[in-house]
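Q: Residue strings, one per chain:
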Amino acid sequence: MHSSECGWQTGRHAALRVCLLHFAFCIALAAPAAAQISLVGDWVGRYHEDNQDRIPGPDLGDYTGLPVNDAARRYADSWDPSRVSLLEHQCEPYVSPHIYRGPLQFRISEEHNPDTQELIALKQYLGTYQQWRTIWLDGRPHPPEYAPHTWMGFSTGEWHGDILTVTTTHIKAEFFRRSGIPSSDETTLVEHYVRHGNVLSHVMIATDPVYLTEPLIMTEEFVLMDRGNQNWLYNCEYATEIDRPKNDVPHFLDGTNPSLKEYAERYGIPLEAARGGAETTYPEYMDTLRRMLAGGTPGPPRTPVAQTLSGPRGEPDPSTGPRSSRAGSRGDKARPTGEVHTFHVQGNVYLLAGAGANIAVQVGDDGVVVVDTGNSQATDKVLAAIRQLSAGGGDATARAVNKEIRWIINTEFDRDHTGGNEAISKAGRTVNGNPAAVVAHENAAARMAQAGVADNARPFNTYFEEQRDFPFNGEPIFIYHDAAAHTDAGSMVFFRRSDVIVAGDAFDTTRYPVIDAKNGGSVAGVIRTLNRILELAVPSKYLQEGGTYIIPGHGRICDEADVVEYRDMVQIVSDRIADMVKKGMTLAQVQAAQPTLDYDGRYGDAAAFIEAIYGEKKR
Amino acid sequence: MMPWRPASAGPCHRHSRAMKARPPVLAFVVVLVVVVATVPGQGRQGSPAPPRTERSAAPIDLTGYWVSVVTEDWRWRMLTPPKGDAQSVPINAEGKRVTEAWDLAKDNAAGLQCKAFGVGGIMRQPGRLHITWADDNTLKIEADAGTQTRLLNFDRAKHAPAEKTWQGFSVAQWVGPPRARGAGPAPTPFSPTVPGGGGSGLRGGPPPAAAISQGGSLEVTTTAFRDGYLRKNGVPYSQDATIVEYFDRLPPSPNGDVWLLVMTMVDDPKYLTQPFYTSTHFKLERDGSKWKPSACSTDAPAK
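If you're matching them up, the sequences are chains P and F in order.
For the first sequence, position 187 (counting from the first letter as 1) is numbered 186 according to numbering that gives the first Met the number 0, and the numbering increases by one without interruption.
For the second sequence, position 119 (counting from the first letter as 1) is numbered 118 according to numbering that gives the first Met the number 0, and the numbering increases by one without interruption.
Don't read these hints as lab results, they were simulated from the structure.
As the structure is a computational prediction, the values presented were derived from the model and not from experiment.
It is possible that some hints are incorrect.
As the list claims (entries may be wrong) - The calculated DSSO-like cross-link candidates involving lysine-lysine, where the alpha carbons are at most 30 angstroms apart (straight line), are: (1) Lys582(P) with Lys245(P); (2) Lys82(F) with Lys260(P); (3) Lys582(P) with Lys122(P); (4) Lys260(P) with Lys105(F); (5) Lys540(P) with Lys582(P); (6) Lys105(F) with Lys95(F).
Stated by the list, open to error - Listing some non-contacts, in silico: residues in chain P with all C-beta distances to chain F over 12 angstroms: (7) Gly40; (8) Tyr124; (9) Asn246; (10) Ala448.
From the three backbone atoms N, C-alpha and C, an ideal C-beta is built for every residue, glycine too.
Here chain F stands alone, though its shape is the one from the complex (with noise of 0.2 angstroms):
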């Protein structure tokens, strides 16, 4: 293998020199892929881009009235399962045995009807979500399912509060690949853009521009929340769990279905032998007019 050789220490040391004395090149091509890499997506060109906020800055549309269609777990969900039936959940023997000494009479008696309806549990409630944005940085989900409100709060300075309640406190984030710039704003709901390139939607390959979905996804990391249940009929999380969901507006279906898909991990060292994974699906709809909230309640189990 021949060693490597100094540019200065052989015959070709005055094409050495010359090409030290041509730093501009090199320095030309770092500025040229600094500045390329680090100028923002908008705002290239005249008057200063406005003040980024979280609503702004949005790679997808969560906002509206989704309905949850049941079509898993619709014997665990639709209805109040039978005492300690913790079937597909990963309970622990103390999760088991907290299941089986389920009781829901005692539970109301205490004022906790909601306990099916705290965090660990909303989303797999039969039910409708209104999901607005409270401020430029605040995203609300309301569930008509307990009449219940949760804050996801963008503002990494706000802190959780001391008091645990049913919803805890909700940070949120975008995460996913970072917007093409140039592209439009996040697709409304219900714009008409189907996924693929023609062909009835047979085709593959990239779908026309307009049509993109530019993806991004939600991540709420949530705390301080109160004990729950991950199922109407006591199977228990800790208010020491680590709850983590994902929220994702699917690319529209052919049939101009929009859904939002909630991938829920709980992972409970009490009462869980590994995280527990759920994915919940909701469908857009074009308005509020099946919204109708109730009480936490829960049904005695049919059998």
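Same shape as in the complex, but just chain P (with noise of 0.2 angstroms):
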């Protein structure tokens, strides 16, 4: 027993020395590196700069110090307030680069990897809107472009010293400022924490392609509270505010906002100067509003302020890019880029990247369902990615070991949904044997037929109802039929029990929806649509985030907040063009006054989309 015990003390004294060696050894190699400061607490902000801004709120009209571009500066104009008592915008939280502008008290805590304890991701949660952020720090990449964003992005750190620098991309569009300064889901973040003491400067680099010509920079001091956490809590929950009709998108065409000057005459700032832009932030800039003060001139006058507050247009904004250059410049991202990827959605759903149009591809025990099928010249690499989702390898879980292709849906007939249909339909099998069959819609075949695709390719389970169902995978696919929306012959197909919506066409994150009135499309139809998913989306969240995800014709995956940024930009534009009609004006003079000018930055050459709905509000 004695001996058993001191071979064990003898034994835990030679543990020690070793392990006093090791310690002092790590304390060899760890004297170098300094370790960070702590940012953990609960933080709450000090309003001594832009507080008009951040606390009671913006004056419409005032676009000071930032800078934007004539973009931003229309979507602005004609921005109103009773937007956001839409019921899809009245939870709408702010995006990464604006919530950090209100009020706000936020906590921040470490996540530790429990075996090594590395610091692997900072966890925030900020007080307004509920809202979460998780900062990784193990080098993991961003996420592909086609993935779905979020308010808050995704967002990895590093260390510099003391200073943590903070990446976020995949936001959502929003607002840089509350007054209708627009943000895109184009935008990145870079933010850097610096702490000394137990205050924390907040710095955040806003860079959008979009709406800025030049990234947008701007601070915030926040302060450790001695006691306890205040932080709010925010149950959103929408409710009918202002009836009115479906279609209805509250702004202001061109020349009516009665606002815009307001901010300027009440403090006595040049018109020209409050609607901001890069230069306007720069100390030469004082000499400037000297001059204009003194009733001089500014200098070259820009053009937004004539256009958007009295009437006539002048030449395109050069940092919105020459019409013509961009035409197609974010439709090329949907072009197939020689490799397909696959992305799981949710449930039984993936999206399948790269061949054309978006694929969706639903596995499961019964086999598997393809929606679209892309280009023909893709069609290899489609099959690839379905057979190794077939066989489990897009998801561990999976319990689908090499099923059949059963069914192909088609969206639409254009070639970039349908060029794969004949080569995927023999790869798969109907449970009669016969190749996997083909749904559409009953014109989508008629047009097909009529552009001489052959037999193999075409769609023969046709439907020609408003909308069929049929139950697979254990959960109940619809099929809606968009009339006349991209054509006469689109489908929406919602798997219900896994929460995912096809759009087809009439949903193109990557550029204008491409309204084909030859073959019976309208925009009114695609604002139909895009309604119709509004109505059958439904957010995870109070906060209209996630949710019901939305698989676009082209383009990233989206939620109903993506949607519904969309539909408003399809409904105003529509609006304005109406009313351009209206006053009879010629489709020149329309395409000259520029009626997508807050958009083309983002969805790139409008030329086809202002002709389509010109020609429909002439009939």
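Both chains come to you apart, so use the hints to assemble them.
A: Right under this line is the structure:
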């Protein structure tokens, strides 16, 4: 007993010595690296800069200090604050480049690897709108461009001494300033967290190729809270505040916003200066201000002032890019890249991106459903991706093992949606042993027949009703006819249990909707389809995020809030052109008036879109 | 619970003595830790390190021409705000009274044109800073707005002069993490380093060693200054205020921009209800071609 005890104790001493030596060497090795400063704690804002903007709210028409372009001005000029009373807008939070500009308390905590104690992420809980952020510090990459965007975006961080630098992408569209200055979903945010004692300086540098000509830098101070947490809760529940038609998206037509001059007049600021722009943020601009205040010439007039406050339009803003040169620039992203990428949307549904139009694949015990088949050139890669999914390669929990492709559904009849029909159908098999069945609206089959598409590439399981549904892989699948949207042959597919909608070309995040009037398309139909998506989609939280995911005809995965933004755009542009038609303007005059100026940086060439709407409104 | 037992009291006495007979093990550990912790960052091999100066010890390079980019408080900085407009500033009743009594003509007549260009307000003036080393232990900040000069003294032996000035007497010290041994010099202006470890700057985690800004800040405490204005329109700070600033050179932006952040804390019980925090950002310029000194002058309020 003694011997044993002593042996243990002897071993313990030996172990102690070894531990001490290890400790010493660890200290020796660790000594050069300074541990980063802790940001953990509850922080509350100080509002000693831009108090008007950050607490009570900015004045309409106040664009000062912002390096905005003409597109942003146009957006803000038409912004009607009552738009937030629309049901789908009511509970939308601010995005990460904006939320720190409001009244805010937030908590930072750390997440460590339980085995190594390595700091792998910082978590933030923001009291305003109950938002959570995760700042990954473990070197992981950002998601692909077709991944969903969120209000807070996807963030990674790195330490530079005691400064934490955070890069955030995948941010939804919202605002830089509540007065309607927009931020696009192409915004990238770089933050620097700089702590001095109990004061945290938060630096934000936002880059937005759609609405800013230079990065926008802003800073806020937060003070460590001594006592407890006073973070707010925000369980938003929307309610009908104003009874209005479904298509009513509040906005101001050109020259009708009564508030744009109020801010400048109240403070004696030259109107030109109140409209912002990068040049107004540099010291040299003080000389320009003095000249303007003295009644002198301010310099070359900026066209948007004249445009949106009174009437005639000038040349396009160079910062937005020549319209022709931007034509198709967004659409190019949707062209086949040579690689087909698989992305799990949710439930049993996956996105295959890079094959032309987006492809959705539902996989389960019953087999495989493929919605759209992409370009014919990409078929081999599409099939390879489907086989990987059907073998369980996309998800470790997938139960399907080499399941057959049973169904193909075409949302459109265009070749980028149907190019792989024949090959993918042949690669599959119905329960009767035939090639996989291709389903589409009967108009699609008719259009393809007219176009001389081979029999084996055309849909033969057609429907003519408003809606069709069938069960597959344990979930109801609904097919809705998009009457007169992109064409008269479109379908929208809703996987009800997976909670995923495949929208077809009525919803395309890479460009304006393509309205194929010759084949029965219309802007009214596009709006109707977008509104139907909004009826079906339900966000997972009170705060308009996640829940139902929507796969557009082209572009990234979206949720309801993204569709709302797109619906608003289509409706607003449609209203503007309708107003111009009412005033007797010709198509050339409408094109010159740039009714899509505020969206061109995001969606590219608008000529065909404008022409289609013009033709429709003329009828 | 087992009581603690002295090593000599039990059957393990022999082993305890053996332990006692080996003090060098623990001594070695202690010595190793102490040696490692005290070895200076440079000069471990070869010739003795040159005398340490604050300039050579600078963890960040603040020198160069910096332009203020006025994206915040635009109305209050680019123009002279209306009389009595102290929005955002936590002034108390006395501060409000003094603000409302502001008289630009009276200031000008009294030769107090530089009152808005003193240490409490100079960083908020749109303009450019030219930062240089006056000597190895003194950093000089020149502002073209109001043609002001500040000297930031690292030498603790120096004391504030009896006469108060607009810019006062500033004592500076480097603060922040100790720099790693073997680390290169502080990044120079426009050094081709960007944050991010690749993937177009979109990856997280530690960036390549060469791209790491080692961080560190300059803390500046200023005394012996005259009464001045926080804002052009006479929002006051008193000569008894405490003014502390932190200068941080931010890691380079993906587009190559280099930013200087100056966080200013003005604690003035005479006119403020709480410390007044502002953070002003300046962008590094390649040269002084836009340097444009001007005399202290405040425009009349626009309205």
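Q: Against the structure, test the hints numbered earlier, and report the numbers of the ones violated in rising order.
A: 3, 4 and 5
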